[in-house]
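Going down the list, the protein sequences come from chains A and B.
Every position in the first sequence, counted from 1, becomes a number in this note's numbering once 47 is added.
Every position in the second sequence, counted from 1, becomes a number in this note's numbering once 47 is added.
One thing to keep in mind: the hints can contain errors.
Only pairs whose alpha carbons sit at most 30 angstroms apart, straight line, appear in this in silico DSBU-like list of lysine-lysine [said to hold, decoys possible]:
hint	chain 1	residue 1	chain 2	residue 2
1	B	Lys-169	A	Lys-175
2	B	Lys-259	A	Lys-175
3	B	Lys-213	A	Lys-175
4	B	Lys-175	A	Lys-169
5	A	Lys-212	A	Lys-70
6	B	Lys-169	A	Lys-70
7	B	Lys-169	A	Lys-227
8	A	Lys-266	A	Lys-212
9	B	Lys-227	A	Lys-227
10	B	Lys-169	A	Lys-169
11	A	Lys-266	A	Lys-213
12	A	Lys-213	A	Lys-272
13	A	Lys-49	A	Lys-70
Hints were generated in silico from the structure; no laboratory data involved.
2 protein chains.
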Amino acid sequence: MKRNIRFTICYDGTRYSGWERQKNTDATIQGKLEAVLSRLCEEPVTIIGAGRTDAGVHAREMTANALVSVSMSCGQIRDYMNTWLPEDICVLDAAEAGPRFHSRFNASGKTYCYTCYIGAAKPVFDRKYVTCLDQLPDVEAMRQAAEFLTGTHDFASFCGNPKMKKSTVRTIDSITITQKGDYLRFSFHGDGFLQNMVRILVGTLLETGFGKRLPDEMKSVLEAKNRALAGFMAPAQGLCLIAVDYN
Amino acid sequence: MKRNIRFTICYDGTRYSGWERQKNTDATIQGKLEAVLSRLCEEPVTIIGAGRTDAGVHAREMTANALVSVSMSCGQIRDYMNTWLPEDICVLDAAEAGPRFHSRFNASGKTYCYTCYIGAAKPVFDRKYVTCLDQLPDVEAMRQAAEFLTGTHDFASFCGNPKMKKSTVRTIDSITITQKGDYLRFSFHGDGFLQNMVRILVGTLLETGFGKRLPDEMKSVLEAKNRALAGFMAPAQGLCLIAVDYN
Numbered sequence: 048m049k050r051n052i053r054f055t056i057c058y059d060g061t062r063y064s065g066w067e068r069q070k071n072t073d074a075t076i077q078g079k080l081e082a083v084l085s086r087l088c089e090e091p092v093t094i095i096g097a098g099r100t101d102a103g104v105h106a107r108e109m110t111a112n113a114l115v116s117v118s119m120s121c122g123q124i125r126d127y128m129n130t131w132l133p134e135d136i137c138v139l140d141a142a143e144a145g146p147r148f149h150s151r152f153n154a155s156g157k158t159y160c161y162t163c164y165i166g167a168a169k170p171v172f173d174r175k176y177v178t179c180l181d182q183l184p185d186v187e188a189m190r191q192a193a194e195f196l197t198g199t200h201d202f203a204s205f206c207g208n209p210k211m212k213k214s215t216v217r218t219i220d221s222i223t224i225t226q227k228g229d230y231l232r233f234s235f236h237g238d239g240f241l242q243n244m245v246r247i248l249v250g251t252l253l254e255t256g257f258g259k260r261l262p263d264e265m266k267s268v269l270e271a272k273n274r275a276l277a278g279f280m281a282p283a284q285g286l287c288l289i290a291v292d293y294n
Numbered sequence: 048m049k050r051n052i053r054f055t056i057c058y059d060g061t062r063y064s065g066w067e068r069q070k071n072t073d074a075t076i077q078g079k080l081e082a083v084l085s086r087l088c089e090e091p092v093t094i095i096g097a098g099r100t101d102a103g104v105h106a107r108e109m110t111a112n113a114l115v116s117v118s119m120s121c122g123q124i125r126d127y128m129n130t131w132l133p134e135d136i137c138v139l140d141a142a143e144a145g146p147r148f149h150s151r152f153n154a155s156g157k158t159y160c161y162t163c164y165i166g167a168a169k170p171v172f173d174r175k176y177v178t179c180l181d182q183l184p185d186v187e188a189m190r191q192a193a194e195f196l197t198g199t200h201d202f203a204s205f206c207g208n209p210k211m212k213k214s215t216v217r218t219i220d221s222i223t224i225t226q227k228g229d230y231l232r233f234s235f236h237g238d239g240f241l242q243n244m245v246r247i248l249v250g251t252l253l254e255t256g257f258g259k260r261l262p263d264e265m266k267s268v269l270e271a272k273n274r275a276l277a278g279f280m281a282p283a284q285g286l287c288l289i290a291v292d293y294n
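Whole structure, please, built from the sequences with the hints as guidance.
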């Protein structure tokens, strides 16, 4: 029987077309991981990720799992992968998981962080990880708008996939918006997020912060279940998957 | 009479062949700055930097100056430059300076910081700004060795230019070595540094920290005035010019 290995993976998404393997490019996180793990196992191996981050989105701790048949220890598998992976992808941990562990189906929650930069000078050293704003939005207005988003809702208005057939109902436990120096951070915790959802939520909150929307408009945007009524999609580079929870 | 503008410049040196303009490449910090400023001034402009950082070395606050004849305000000059400079070079400040101000000749001190990373996982997000070490060197031994370096000495043993004709005497006021989490930082303050000097100092200190040298060997290395007796040159990417002082 194959071993089920659970991986914790950190990556800088700048150079990649997202998590998901694609036919027309090998510049995907899943593709890079599978190539290295398949070479180690001397057979094709599929890596299942807890989610599929968009092109340019980063992750501090993505969880993934794969069924493998090698005799190496988990530490040796981790070290082998880190030796052959590019410098912008790192396996933080590899651990033996139960045979039924599935990184996507078993995930009970996710934390995403979106970082905006509001300084006057260009952010030379973290330019790949922040989205620059010309001015500070009204944080209090954004917090008021965010209150309408927490809880269990149909987030169809905030779904980037117009052909989404499955349920668009999700639960957001908390949204925190904090300013610290030149950085404005949006932190989202929920049971799961639709395609582009965090970026569209941030875009809509920013439009509220810049006075283009009133905070309580968020309620009618949610109720409309119409993507056209929500705001712009904030750029990928400011977004980072912080962690995935399992019960 | 031309105006003398003093610039404070931040840059990520990763993509550049160093500060100094070169004939065979336009990938230099000075070259990029001069190209933009010359276009603004509609005539060739020379930018004088307080120092010449090596290829791959970064700066948080490099000081430079240039004689220009434009009627724009300093803020407008700064904004124009930032609009046209690449995203890894930023003019933090432009200010009117006295006609006699010379960023190199008037500099009275410089602070450099060298950052090593000692974590188990690859430093995905700051991989361009740190040098990875396999293990933590003996910090106390390095501090003892560093004590021999502070003060006024002939640093010929730590000079990367074998054809150096000018004085190799410099004064280092302080060297601090601090460990914080996975980061080990060397901070140097002195009146000036020779070519590659900080990197060779760090390399020699690391060899001490790894037990390849005894701390008090540093004294004889200094006295020998022989580059061959000092240690290896630490990689460029860990080095950052923090600030330049003027009296």
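Taking the hints in turn, this is what the structure says about them:
Note on Lys-169(B) and Lys-175(A): the hinted pairing holds, with a Cα-Cα distance of about 18 angstroms set against a maximum of 30 angstroms. For the proposed pair Lys-259(B) and Lys-175(A), the alpha carbon gap of about 39 angstroms is over 30 angstroms, so the pair is violated. The straight-line distance between the Cα atoms of Lys-213(B) and Lys-175(A) is roughly 42 angstroms, outside the 30 angstroms bound, and the hint therefore fails. For the hint linking Lys-175(B) to Lys-169(A), the alpha-carbon distance of about 18 angstroms falls within 30 angstroms, and the restraint holds.
For the hint pairing Lys-212(A) with Lys-70(A), the CA-to-CA distance comes to about 23 angstroms; that is within 30 angstroms, so the pair holds. For a cut-off of 30 angstroms, the pair hint linking Lys-169(B) to Lys-70(A) stands: about 28 angstroms separates their Cα positions. Taking the CA atoms of Lys-169(B) and Lys-227(A), the gap is about 27 angstroms. The hint holds against a cut of 30 angstroms. As the CA atoms of Lys-266(A) and Lys-212(A) are separated by approximately 23 angstroms, the hinted pair is consistent with the 30 angstroms bound.
At most 30 angstroms may separate the alpha-carbon atoms for a hinted pair to count; Lys-227(B) and Lys-227(A) meet this at roughly 21 angstroms. The suggested pairing of Lys-169(B) with Lys-169(A) holds, with an alpha-carbon distance near 26 angstroms, which does not exceed 30 angstroms. In summary, the hint linking Lys-266(A) to Lys-213(A) is supported, as the alpha carbons are separated by about 22 angstroms, within the 30 angstroms threshold. Simply put, Lys-213(A) and Lys-272(A) have alpha-carbon atoms about 14 angstroms apart, close enough for the 30 angstroms limit, and the pair holds.
Taken as a hint, the Lys-49(A) and Lys-70(A) pair is honoured in the structure, with Cα atoms around 27 angstroms apart against an allowance of 30 angstroms.
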